[in-house]
Amino acid sequence: GQNIDQPTEMTATEGAIVQINCTYQTSGFNGLFWYQQHAGEAPTFLSYNVLDGLEEKGRFSSFLSRSKGYSYLLLKELQMKDSASYLCAVRNSGNTPLVFGKGTRLSVIA
Amino acid sequence: GAGVSQSPRYKVAKRGQDVALRCDPISGHVSLFWYQQALGQGPEFLTYFQNEAQLDKSGLPSDRFFAERPEGSVSTLKIQRTQQEDSAVYLCASSALAGGPADTQYFGPGTRLTVL
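Taken in order, these protein sequences are the chains called H and F.
Quick note: the first sequence uses my numbering, first residue 46, plus one each step.
Quick note: the second sequence uses my numbering, first residue 1343, plus one each step.
Treat the hints as calculated values from the structure; they're not laboratory data.
Be aware that one or more of the hints could be misleading.
What the hints assert, rightly or not - One side only, chain H facing chain F, incomplete, derived with CB under 7 angstroms:
{"id": "1", "residue": "A129"}
{"id": "2", "residue": "L132"}
{"id": "3", "residue": "F145"}
{"id": "4", "residue": "G146"}
Bear in mind the structure is a predicted one, so any value in this text is a computation, not a measurement.
Note that the Cβ used here is the ideal one computed from N, Cα and C, for glycine as well.
Excised from the complex, chain H in its bound form:
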């Protein structure tokens, strides 16, 4: 079976740092993606990891441990506009479809 778990909801304060965790058990592994989705809008690509370690991109960083089946998305200097759902997705192999978690709804408060 395939299973991707992430917390349903998180709340954080403007200016702070938040870490959104994702654990996965999939039949194969050829990359893990993080997407941001504002309500009623398209998911937009944030990051991609296929090797262990940290990928940094501005205020956003993503970490992967393949042996643990674990990833996290780190958001720094939170802004109100970061309030959105964050989707963790795994690609099993090649150019196959993504398997998504249910998403984490992040609320940034003043």
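With chain H's structure known, arrange chain F on it following the hints.
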């Protein structure tokens, strides 16, 4: 047209009606994916094309669902005899390469289907 576009953005259908949802991928993108997203859930895979070939349709929930991409560009997802459980957002995504290691899928805004 920089991104993936979908039409209509909203569709209300009476139970039993047929609907057709259109996706225009990013120009030149080889792969095209359809996903279904229920409220508060992540997208779930429906079907996938590489150029005009439908390589995987294992996610289509029933034989009432049909997708095509006859010229390897625009795709249409058709749902026959719609049921209330078909109410969801239907997302289309495209990617540039066939099997590239960092082949990112870019999503359209989706079609929100409501079946009454």
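Each hint, compared with the structure:
1. A129: violated, 13 angstroms
2. L132: Nearest chain F Cβ about 5 angstroms off; hint holds.
3. F145: This hint holds: F145 (chain H) lies near chain F, its Cβ roughly 3 angstroms from the closest one there, short of 7 angstroms.
4. G146: Result: holds, 5 angstroms to nearest chain F Cβ.
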